[in-house]
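Asker: Construct the complete structure from the given sequences, taking the supplied hints into account.
Chains as they are written, first to last, in the numbering used here: chain G, 1 to 281; chain F, 1 to 375.
Calculated from the structure, these hints are not laboratory results. Given the structure is predicted, the values throughout are model-derived calculations rather than measurements. Some hints here could point you the wrong way.
[Unchecked claim] Between beta-carbon pairs, the in silico distance windows are: (1) F:A167 with G:V262: 55 to 63 Å; (2) G:C113 with F:N15: 16 to 24 Å; (3) F:L308 with G:R270: 32 to 40 Å; (4) F:G16 with G:V262: 54 to 62 Å; (5) G:T120 with F:G65: 52 to 60 Å; (6) F:G105 with G:D138: 29 to 37 Å; (7) F:G105 with G:L109: 35 to 43 Å; (8) G:T120 with F:E110: 20 to 28 Å.
Note that CB positions come from ideal geometry on N, CA and C, so glycine has one too.
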Amino acid sequence: MRYRRRGLDIVSHGLLILALIAFCLPVWLAITAATHDQASLYTGTAPLWFGEQGLDNFRAVLTEPVSRLGTDASRLLFNSTVMALGIACGKIVIAILAAYAIVFFRFPLRRLCFWLIFITLMLPVEVRIMPTYKVAADLGLLNSYVGLILPLIASATATFLFRQFYLTVPPELLEAARVDGAGPWRFLKDILLPLSTTNIAALFVIMFLYGWNQYLWPLLITTEADHMTIVVSLKRLLSSADNLVPWQTVMATALLAMLPPVAVIVLMQRYFVKGLVDAEK
Amino acid sequence: MATLRLDALSKTYPNGFTALHGVDLEIADGELIVVVGPSGCGKSTLLRMLAGLESISDGELAIDGRRVNDLEPAERDIAMVFQNYALYPHMSVADNMGYALKNRGVPKAERRRKVEETARLIGLEDLLDRRPKQLSGGQRQRVAMGRAIVREPKVFLFDEPLSNLDAKLRVQMRIEIRRLQKRLGVTSVYVTHDQVEAMTLADRLVVMNGGRIEQVGTPMHLYERPATRFVAGFIGSPAMNFLDARRSGDVLTLPCGTQLASPWPGEAGETRDTPVCLGIRPEHLAIVPEGQNGGGTLAVRVELVEPLGADTLVHARLDGQDDLVVARIDGIQPVAEGDSLILRPDTDRLHIFDPDSGQRLDDLEPACHTPTSPA
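Answerer: Right, here's the structure in full:
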């Protein structure tokens, strides 16, 4: 710290602690609420400590079909994982190949291709939702994993990021590889991919979260519980016209929905750091 | 081990810029050819065309008599050492060196054996597991060399490989490259803009200017008999002094009135007074002791003295003229700025050029020297 003043330290730490409470309190409430039974949640005050249910609510949510959803949370988690992984991996593979073509190959209308990809940034799912839905429906992709993944799989952002990275690769490296007898695929596999592991890890995290947090598209494309994602199910659990909202179930499901993204961040963070440390050596 | 034949090799870029205007050259087996010239003379383009990294617009390139114009770099069986080494940053030294072998499908054990053998040859045994980042500039240079050697190519191509090293290391690596090239006997083409490197390394030197070959020959031949004013000015350090003069028969007259014996008397019976460009190397100017001034000397005033230790460079202006000359004299001469000196050119080692075309005017080919390009 540049300024070492006691008053400043106290104020800044106070602010940090306040922010921490603001962020953690809802999570804490969710954790405690998930351990109560429905009756104790409707006493009028939010419980700040664990109830007697323990992990029973989680067990129930994961193994028994949840009312109003028609399936259990394991299935929802699996669907979400397939979708998020499909989107993240698909985006990365497509972006790597697209950027590779744009940067390292000379073909007619190369620049135009790049700009066409780039302007799709202005066309997120929400903007093109009607035609995309129509196409997906005509192709029979409703209630399928392909339907969940495919319309979201192309990424101008990732293509752009990889393009920028490839542009920083010294051209001599490509020439050396050509002299060494590496064809285009070998160059990609042996030289470019190992050099871009850090970028891939970073993009994977971002794209996994993007895929995991999708709401609108999965809501449209899935009508059956079999292919519903966990994020969509949360809203459905809350929409109760006549019954009491089963808060303990909602909280348990919400916590389950949080875990995979957190796990991905925590796991991949180690690769970031490794990549950064290696680069500075 | 191979011969190279360049036949009217030309390069024209899509934007119409012509980088090479028909280069002809025959390179013998095991020869080390150094291509030298100022920036933008086309020497790097030429090398990249030999490597196959740049397409050939016109003409023919043959390695061992086989036309290779349209072959990929890897199919030409060449190895290239790049200016910035171009090592693969994520691979160990051993993997860097063995990458070409791996791409050729050489089995792992044999690859390992060849890499280790080469590493021993160039003193890299202890570094095989390191990454390029963990190496010094000189070591990286060695790895780049090793990567070229391990493949046992027909031709080595060097693209200014020493220009990123410090002066001392450069001298050391220069000697090492020369030693290795002789030992391995691999035909090599070496591009540089450093004329000391060029002189010391080359079996034959190729001086290029403006996309054309100015002259080809042994370093000493180019030094003693530069074919053009450009070559005369480029080879030798410090550069040759050029003075305007007039020649009448076998007498050269300088504007200051000094008369010198011309190395070339002109066509038989020709007596007309013609303008020429006289070239005198700094090392062929000697100080005349006071009181011994005969004819054929230059009176100068010293403007700058650069002591180099063994030699001293004296920058001086001809009396009554604007022309600056540089003389390279013995290091222990007591010369100071502002001194007046008499310099005597060695009349046996004068060069005269046509002032318009820059071509050498006296005979080009003394008996003892190799011919230039076969064109």
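Asker: All hints are to be evaluated individually against the structure, with a verdict given for each.
Answerer: Do the hints match the structure? See the list:
1. F:A167 with G:V262: 55 to 63 Å: 56 Å, holds
2. G:C113 with F:N15: 16 to 24 Å: 22 Å, holds
3. F:L308 with G:R270: 32 to 40 Å: 58 Å, violated
4. F:G16 with G:V262: 54 to 62 Å: Since the Cβ atoms of F:G16 and G:V262 sit about 60 Å apart, the hinted range of 54 to 62 Å holds.
5. G:T120 with F:G65: 52 to 60 Å: 53 Å, holds
6. F:G105 with G:D138: 29 to 37 Å: 48 Å, violated
7. F:G105 with G:L109: 35 to 43 Å: 37 Å, holds
8. G:T120 with F:E110: 20 to 28 Å: 49 Å, violated
Taken one by one, the earlier hints fail for this structure at numbers 3, 6, 8, listed in ascending order.
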